[in-house]
Amino acid sequence: MAKNKRRRLTTEDIVFDTINYIILTIVIIVTLYPFIHVLAVSFNDAIDTVRGGIYLFPRKFTTFNYVSILNDPEIYNATIISALRAIIGSVLNVIASIIVAYAISRRDFVLRGIVSKIFTYSMYFTSGLIPYYLLIRDLHLMNNFLVYILPGIVSAWNIMVVRSYIDGLPASLVESAKLDGASELRIIFSIIFPLSVPVLATITLFVAVGQWNSWFDTMLFCSMNPNLSTLQYELQKVLQSTQQFTQQASFDMGLRNNSNSVTPESIRAAMTIVAVVPIMMVYPFLQKYFVKGLTIGSVKG
Amino acid sequence: MSANATTETLSREEIINYRKDNRKKFFKKLSQQKELVLIVLPFLILLLIFSYVPLWGWIIAFKNFNPALGISNSPWVGLENFKMLFEDPTFYQSIRNTLGISILKYFLGFFSSITLAVLINEVRNMKFKKTVQTISYLPHFVSWVVAASIVLDVLSPDGVINQLLLKFHIIKQSINFIGVPHLFWPLMALSDMWKEVGWNSIIYLAAMTAIDNELYEAASIDGAGRIRRIFSITLPSIVPTIKILLILNAGWILNAGFEQVFLLSNPMVIDYSQTLELYVYNYGIPMGRFSFATAAGIFNSVVSLAMVTLANRISKALSGESAF
Chain P
33 MAKNKRRRLT
43 TEDIVFDTIN
53 YIILTIVIIV
63 TLYPFIHVLA
73 VSFNDAIDTV
83 RGGIYLFPRK
93 FTTFNYVSIL
103 NDPEIYNATI
113 ISALRAIIGS
123 VLNVIASIIV
133 AYAISRRDFV
143 LRGIVSKIFT
153 YSMYFTSGLI
163 PYYLLIRDLH
173 LMNNFLVYIL
183 PGIVSAWNIM
193 VVRSYIDGLP
203 ASLVESAKLD
213 GASELRIIFS
223 IIFPLSVPVL
233 ATITLFVAVG
243 QWNSWFDTML
253 FCSMNPNLST
263 LQYELQKVLQ
273 STQQFTQQAS
283 FDMGLRNNSN
293 SVTPESIRAA
303 MTIVAVVPIM
313 MVYPFLQKYF
323 VKGLTIGSVK
333 G
Chain G
114 MSANATTETL
124 SREEIINYRK
134 DNRKKFFKKL
144 SQQKELVLIV
154 LPFLILLLIF
164 SYVPLWGWII
174 AFKNFNPALG
184 ISNSPWVGLE
194 NFKMLFEDPT
204 FYQSIRNTLG
214 ISILKYFLGF
224 FSSITLAVLI
234 NEVRNMKFKK
244 TVQTISYLPH
254 FVSWVVAASI
264 VLDVLSPDGV
274 INQLLLKFHI
284 IKQSINFIGV
294 PHLFWPLMAL
304 SDMWKEVGWN
314 SIIYLAAMTA
324 IDNELYEAAS
334 IDGAGRIRRI
344 FSITLPSIVP
354 TIKILLILNA
364 GWILNAGFEQ
374 VFLLSNPMVI
384 DYSQTLELYV
394 YNYGIPMGRF
404 SFATAAGIFN
414 SVVSLAMVTL
424 ANRISKALSG
434 ESAF
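Protein chains in written order, with our numbering: chain P, 33 to 333; chain G, 114 to 437.
These are calculated hints, taken from the structure and not from any lab test.
Don't take each hint at face value.
To be verified - Taking beta-carbon pairs under 10 Å as the criterion, some of the chain P residues facing chain G (in silico):
no.	residue
1	L56
2	V62
3	P66
4	G84
5	G85
6	L143
7	V147
8	L171
9	F248
10	Q275
11	V308
12	Q319
Ideal Cβ placement from N, Cα and C applies to all residues, glycine included.
Pulled out of the complex, with its shape left as it was, chain P reads as follows (with noise of 0.2 Å):
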């Protein structure tokens, strides 16, 4: 405050920081608190649990919740579902992405038009629940690892920030590479690529945190196949048996000798906490980018 050359800090000044940054410190909190709270149930015993007054931290530690989930074969095998359609689905995007943004921001290409269409108006409607249920089911994608990487492959609005990205590079590059007799996706791969790390970071996270987070399209689609069950989905399962608990009896004393220091409420918590770790390891580099492809998508979009 004091480096403050510029003019003195008047008493509306002081008091104005000091409401401003005690509502924003709360702010803070309540985002905060609810996950921390999450944390310490996931490390406290699950018995000791049921008698309330956990706050910020475990007051009985334990890792016995995440070793009973991660010993759960369902659980363990869900996770690696949901990192395999993380990753195999953002690769995926992320080239038919800059493929067909190449194509399009090409301003010699004759069907640019009615490809740019196309691609534009799919935005602005949706088919609606019902009939994308019984396309699914025409296509045989139930119970099939496909349903959860084909639909996500093209993505219009992704192709969109792409394409704004690519037409601020320099057109020179694309025309020197094809009088070199450069092949078109050796131009995309060796020219464009480099150059679009930014945006491709950027749209490779969201489609990855997309992915990782999606939970309907498994209840919907393969709830038959447990092995193709998804973590979101074994959460949501968990989620749906302890409101079930609770709206049947808050204290069920039974439930509580006869439980194996486990209950549904420390599972859910340790589970919760499995879900969000992934997105606090790629959110710096998301926080990084995001702001930026949020601009450029608002500027053309």
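Chain G: place on chain P using the hints.
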């Protein structure tokens, strides 16, 4: 007359020739660019399959769809499904719930994200500013399943909110918030705000960084204080951004947020939690009444489209600005 006719036919011939020429040029270019066409084609096909082909499925709303017969062979029933839809009292209830939740979200969302952006913009300590931003954007990136798990934890009878209210003697007995029908709408709006306020504030913050600093300096020389500067400079400067977002989001007025409502609703609050999207899901998937559910889905899509168009018209009439 005849002279006119000849020039007309001539020009018509010219046009035809010109078109033929163009077509030749087009196919020549197309074969030159076949590599470009070939690499785009697979993705174009994927888009057509997953975005355009299902539109064909809309016709089952006018049929009595039988999965064994397929879409084309199922018998036509005209507007029968729509008639049943409009005779169903729970359909009107779900429209009411959709509007209630989405309108609350819409206004609370705008108010909270603009306020947060203004407050963050006023912070001069860069480190604190960065911290607030980093933390407030975070919940946007977790799934609604995780967020719902957290919301249920916070709102549970022995959750933190009940404990605070008990401690300050605002309530005498803990409340199972998520089971109180009349609280469902505000809880949806509040939990959505918790998750999205930081993220939604980004666009306003971006608009605020574009404001010329000299404006603030001139105003403070004229004796304008902090509050005054917010209301006379910051807010008026972001009005165009607010307007565009208000219009763009008007199309979402029939979108109460499927995942959130689905995950947080429960049998105790069903009269206030069944939104149109849940209605479509409930009739369509668990009950398998595909035709009826599609009719409800079409209603949803058509009204949404009308809302966007209407909002755009209103904004054009009021300000001469249009989002599209």
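Structure-based check of each hint:
no.: 1; hint: L56; verdict: holds, 5 Å
no.: 2; hint: V62; verdict: holds, 7 Å
no.: 3; hint: P66; verdict: holds, 4 Å
no.: 4; hint: G84; verdict: holds, 5 Å
no.: 5; hint: G85; verdict: holds, 9 Å
no.: 6; hint: L143; verdict: holds, 6 Å
no.: 7; hint: V147; verdict: holds, 6 Å
no.: 8; hint: L171; verdict: holds, 8 Å
no.: 9; hint: F248; verdict: holds, 6 Å
no.: 10; hint: Q275; verdict: holds, 6 Å
no.: 11; hint: V308; verdict: holds, 6 Å
no.: 12; hint: Q319; verdict: holds, 6 Å
Checked against the numbered hints given earlier, this structure breaks none of them.
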